[in-house]
Every structure is written in C-alpha cells, then in structure tokens.
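Peer 1: What follows is each chain in one-letter form.
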Amino acid sequence: MVQELHRLKETPSQTAGPYVHIGLTPNFCDIRGVYDNDLGTAMVNDQTLGERIIIRGRIFDGADTLVRDAIAEIWQADGAGLYNSPSEMRGAADPNFTGWGRCPTSGEDGYFEFETIKPGKVPFKDGRLMAPHVTLWIVARGINIGLHTRIYFSDEAEANAADPLLLRIEHRQRVETMVAQRDGNIYTLDIHLQGPKETVFLDI
Amino acid sequence: MSANSNQRPETGAFFARDRAWHAPALTPEYKTSILRSPQRALLSLDGTISEITGPVFGHSMIGELDNDLIHNYARPGESAIGERIVVHGRVLDERGRPVRGALLEFWQANAGGRYRHKKETYPAAIDPNFGGCGRAITDDDGHYAFRTVKPGPYPWPNGVNDWRPAHIHFSVFGHGFAQRLITQMYFEGDPMIWKCPIVNTIPDRAAIEQLIAPLDWGQTIPMDARAYKFDIVLRGRRSTLFENRLEGN
Numbered sequence: 003m004v005q006e007l008h009r010l011k012e013t014p015s016q017t018a019g020p021y022v023h024i025g026l027t028p029n030f031c032d033i034r035g036v037y038d039n040d041l042g043t044a045m046v047n048d049q050t051l052g053e054r055i056i057i058r059g060r061i062f063d064g065a066d067t068l069v070r071d072a073i074a075e076i077w078q079a080d081g082a083g084l085y086n087s088p089s090e091m092r093g094a095a096d097p098n099f100t101g102w103g104r105c106p107t108s109g110e111d112g113y114f115e116f117e118t119i120k121p122g123k124v125p126f127k128d129g130r131l132m133a134p135h136v137t138l139w140i141v142a143r144g145i146n147i148g149l150h151t152r153i154y155f156s157d158e159a160e161a162n163a164a165d166p167l168l169l170r171i172e173h174r175q176r177v178e179t180m181v182a183q184r185d186g187n188i189y190t191l192d193i194h195l196q197g198p199k200e201t202v203f204l205d206i
Numbered sequence: 076m077s078a079n080s081n082q083r084p085e086t087g088a089f090f091a092r093d094r095a096w097h098a099p100a101l102t103p104e105y106k107t108s109i110l111r112s113p114q115r116a117l118l119s120l121d122g123t124i125s126e127i128t129g130p131v132f133g134h135s136m137i138g139e140l141d142n143d144l145i146h147n148y149a150r151p152g153e154s155a156i157g158e159r160i161v162v163h164g165r166v167l168d169e170r171g172r173p174v175r176g177a178l179l180e181f182w183q184a185n186a187g188g189r190y191r192h193k194k195e196t197y198p199a200a201i202d203p204n205f206g207g208c209g210r211a212i213t214d215d216d217g218h219y220a221f222r223t224v225k226p227g228p229y230p231w232p233n234g235v236n237d238w239r240p241a242h243i244h245f246s247v248f249g250h251g252f253a254q255r256l257i258t259q260m261y262f263e264g265d266p267m268i269w270k271c272p273i274v275n276t277i278p279d280r281a282a283i284e285q286l287i288a289p290l291d292w293g294q295t296i297p298m299d300a301r302a303y304k305f306d307i308v309l310r311g312r313r314s315t316l317f318e319n320r321l322e323g324n
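Those protein sequence lines, which keep their order, are chains Y and Z. If you want our numbering, it's the 1-based position in the first sequence plus 2. If you want our numbering, it's the 1-based position in the second sequence plus 75.
Think of the hints as simulated: they come from the structure by calculation, not from any bench. Quantities reported herein were computed from a predicted structural model and do not represent experimental measurements. A portion of the hints provided could be inaccurate.
Unchecked claim - In silico SDA-like links for lysine to any residue, alpha-carbon gap of 20 Å or less: (1) Z:Lys193 - Y:Arg34; (2) Y:Lys11 - Z:Lys194; (3) Z:Lys194 - Y:Arg92; (4) Y:Lys199 - Z:Leu316; (5) Z:Lys193 - Y:Asp111; (6) Y:Lys127 - Z:Lys193; (7) Y:Lys199 - Z:Ala95; (8) Y:Lys123 - Z:Lys194; (9) Y:Lys127 - Y:Met91; (10) Z:Lys193 - Y:Pro20; (11) Z:Lys304 - Z:Phe317; (12) Z:Lys270 - Z:Leu316; (13) Y:Lys11 - Z:Lys270; (14) Y:Lys123 - Y:Arg92; (15) Y:Lys199 - Y:Ile171; (16) Y:Lys11 - Z:Asn233; (17) Z:Lys193 - Z:Arg159.
What the hints assert, rightly or not - Calculated from the model, a selection of chain Y residues having no Cβ within reach of chain Z, i.e. all distances over 10 Å: (18) Arg9; (19) Glu75; (20) Glu115; (21) Glu117; (22) Pro125; (23) Gly148; (24) Glu158.
By construction, the Cβ of each residue, glycine as well, lies at the ideal position given by its N, Cα and C atoms.
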C-alpha cells in the first residue's frame, strides 16, 4: 500500500442541449426581466485601448449544415498582451476590457460575432511569444464536451509561422482552420466540426 | 478577485483532462452527436497562459433573485408551480480545494417538463411564473445554493420513445478558461436516469453517479423545501514547484 493521493474526479461534462440559451443568454431567447443583460455581450467600452476589430464566424456540422443553436465564448488578452485575470502575474490588464465574450450563433445566418480588440502577444511556457490569438470554446446540442480551439489572424503571417502551438500541427494544411481572414476590421472564420475541413480542436 | 486577494495567485497549468471519464465526442445512441463530433485527434498541449487564466465575475453582478427560480420570473406576489427544492453544494477542484468566486449558471424545464423556448414542442403547460434560469457565485468555501422547483421529465426526439430524466443544466466557470464546464444534475432515485441516451454517453457508471444529487434531509427546510446536494469538481492545477516561471512571474 502507498499513501492516498486524495484526488477527486472532474465532474463529467454533458451536452449544453437545445435550450442552452435559457441559461446563458436568456434575453436572446426572449426571457426578459430576469437579468438586465446577457453576460458577455459587451467586451469593450469607449475607453478600451487597442485596435477595434470584429471577429465573426459560423459553425458547420459534418453535413456542411450550419449549426444555429450553438454558443461561442472567447477569451483573449488585451491590446498589450495581458489577461484580465488574477492568474495574470505580468502586469495589470486594461480595466476597460473584459477579455471574455459570449455569443449565440444566429438562428438565421448562423454567425456569432464579437466586437473586441486585437489581442497583443502573450508568451508560451518557454518565453517565446505566441502569435496573437483568441481562445474559442463552443458548446451546443450534440456536443458532449465543450470544444476548445483558437482563432489566429491572417495578417499575422510571420508570427503565425513561428507560433509554438501552430507549429505542433502535423498536417500543415490544417493550420488554416485556425486562421481568421481579415477584411477591413472584420475577421471571419468558419469552424467545421468534422469532415475534410475539420477545425483543429485542442485538448488543453 | 477580491475573495482571493490574500491567497497566492494560481499560475499552474491544469491537470490533463481524463477524457475516458467524460463522454467521447461520438455517441451514436445520442443521434445529434453523429454529425457534430470531431473525428480527428485533438491537439494536446500543456496549458499556456491563455488557458490558465480566465474571466472573473464579481458578486456585485448577482441580483437578489438570481438564485431563486421560484420568484425571479414570477409576477409580484406569485410563484412558480411545482415541488419546492433547494439545490446546494460546493465547487471543488480535483485536489479537493474550494473554488471561490466560481460563477454557476443553471437552467431547467418547469415542473411539467416544459422549457420556455421557441424550439420546445412538448405539450406540457408553460408556467407563466417560471422562466427557468438562475445564477450564483460561490463563497469563500466554494459553496453555492439556489431555490427552484423540481423540473419534470420530458420526451425528446431521438429514439421513438426517449425521455429525459428530470435534470438541471449547470454551466461553471472556475479560475482558468480550461476549467470551463457544462454538465447536468440528476435526482437521486430517478429510474429514468439509466434509460437516457444522453446520460449514457458517459461510459463509466461511477462517472454518471457523480451527476446524481442525493436528497439532503439535513438541509431540508421543514414545511417549506426539500434539499438536494450537488458538488461539482473542476480540473485541478499543478502547484508551480520547480517549473520555469513565465516572464515577470
């Protein structure tokens, strides 16, 4: 016999189901008067520092059909590359930027959309700077455990080429599944849950 | 976060997720998963600062009735119909430590098994006094509590005759975005739990049992509301012993 580790098991994930909006974005699904606003709809205000951008995307299933009942959440650093989190030890993040956003995919065109700022670079564990990126988490009916991926930016080709996470992707043609394409101040990315264009999802 | 200000900041990466404890992505008995499940291997990576950090939600954002689903949608002086219950428990990490300041959001069907949602097709009645959502933030001990009515079971289109056992959905934020979790709570003694294709996406019976809240007779409020206890475990994180610290740490 040896000593006990006394570790608990993580609570198993279950699908968010078709009615996830009731819990996470009640105003979006016409449950009014319980919360003033849906959480995560405003990431920036007038004072937020950094380059204003819009990140939008759609989610497709394995039959290339739009997933219109998902919720997307993003988490990102501020314009200077600092996270608005107690675990951020490198300095104080912009108090006018939450870093976190939540948006349901539209019941019509299927887009999620975040009004945010372009994040600065943050370091990998060995100190190398990672390319600017946004962490994306997706839940929906039919997804048993939330899917993590990242959104990188098409106008950061040089940084993307040296990014420690992107360099880990063995099948190089899949790198582009994580890179949003810039048009003006709008970045767009299509997420594919499966199929030949399947997005690189992370176990992180 | 303020509740944490005199604690050492948590900067360690999270324990690797035990994916065999969770449902796999593809679970054909739950039909919707067939086209929504990634088929390629996930890219595994030890957490970076992008995953070990996460958003903070202050107690100040919580409204007075946010944790009272019996009243937070009801007309003044009225209340939701159904069996009155209190659901409470602690949010812990895999090391057994309380997770303070964790935001929990919950949603559920009404006592008849009907959701207030435009996609809902079950003919059970809408309760005009029940919205179905609530939220709470854990205290310094990791504890949360809310009051609601016990949700009803309901049929859903999967197999010809599939029914969901009574359940409450939970969304949980810990301190790092890698801890983000959505799950469902079931009720002790419900025979429908073991017939449910969504429950049975989880391969391990012990893992399923971790989702079943026992009746908590001690916390039951006499002449008022029965209590169920539901503890939630989020991923634990390494202490940063002997690890190279990030720049400036």
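Peer 1: Could you run down the list of hints and mark each one as holding or not?
Peer 2: Hints, one by one, checked against the model:
Restraint check for Lys193 of chain Z and Arg34 of chain Y: the C-alpha separation of about 14 Å stays at or below 20 Å, so the hint holds. Distance restraint check for Lys11 of chain Y and Lys194 of chain Z: the Cα-Cα separation of roughly 34 Å exceeds the 20 Å cut-off, and the hinted pair is therefore not satisfied. Our distance criterion of 20 Å between C-alpha atoms is broken by Lys194 of chain Z and Arg92 of chain Y, whose separation comes to about 46 Å. Taking the CA atoms of Lys199 of chain Y and Leu316 of chain Z, the gap is near 40 Å; set against the 20 Å cutoff, the hint is violated.
Restraint check: the Cα-Cα separation between Lys193 of chain Z and Asp111 of chain Y comes to about 18 Å, which is no more than 20 Å; the hinted pair holds. Taking the CA atoms of Lys127 of chain Y and Lys193 of chain Z, the gap is about 46 Å. The hint is violated against a cut of 20 Å. Taken as a hint, the Lys199 of chain Y and Ala95 of chain Z pair is broken in the structure, with Cα atoms around 26 Å apart against an allowance of 20 Å. In summary, the hint linking Lys123 of chain Y to Lys194 of chain Z is not supported, as the alpha carbons are separated by about 41 Å, beyond the 20 Å threshold.
With a CA separation close to 13 Å, the supplied pair Lys127 of chain Y and Met91 of chain Y stays within the 20 Å bound. Using a Cα cut-off of 20 Å, the hinted pair Lys193 of chain Z and Pro20 of chain Y holds, with the two alpha carbons roughly 10 Å apart. Between Lys304 of chain Z and Phe317 of chain Z the CA atoms are separated by roughly 38 Å; this puts the pair beyond 20 Å, and the hint is violated. Among the hinted pairs, Lys270 of chain Z with Leu316 of chain Z is inconsistent with the structure: their alpha-carbon atoms are about 46 Å apart, more than 20 Å.
The straight-line distance between the Cα atoms of Lys11 of chain Y and Lys270 of chain Z is roughly 24 Å, outside the 20 Å bound, and the hint therefore fails. Note on Lys123 of chain Y and Arg92 of chain Y: the hinted pairing holds, with a Cα-Cα distance of about 13 Å set against a maximum of 20 Å. A distance of roughly 14 Å separates the Cα atoms of Lys199 of chain Y and Ile171 of chain Y; the hinted pair therefore holds under the 20 Å criterion. The suggested pairing of Lys11 of chain Y with Asn233 of chain Z is violated, with an alpha-carbon distance near 30 Å, which exceeds 20 Å.
Taking the CA atoms of Lys193 of chain Z and Arg159 of chain Z, the gap is about 26 Å. The hint is violated against a cut of 20 Å. Remark: the non-interface label on Arg9 of chain Y conflicts with the geometry, its nearest Cβ contact in chain Z lying 5 Å away (cut-off 10 Å). With a least beta-carbon separation of about 7 Å from chain Z, Glu75 of chain Y fails to lie farther than 10 Å from that chain, contradicting its non-interface assignment. The Cβ of Glu115 of chain Y lies farther than 10 Å from every Cβ of chain Z, with a closest approach of about 19 Å, so its non-interface assignment holds.
For Glu117 of chain Y, the shortest C-beta to C-beta distance to chain Z comes to about 16 Å, beyond the 10 Å cut-off, and the non-interface label holds. Once the 10 Å rule is applied to beta carbons, Pro125 of chain Y is inconsistent with being away from chain Z; the minimum gap is 6 Å. Distance check for Gly148 of chain Y against chain Z: the nearest CB is about 6 Å away, which does not clear 10 Å, and the non-interface claim fails. For Glu158 of chain Y, the non-interface assignment is confirmed: its Cβ lies about 15 Å from the closest Cβ of chain Z, beyond the 10 Å cut-off.
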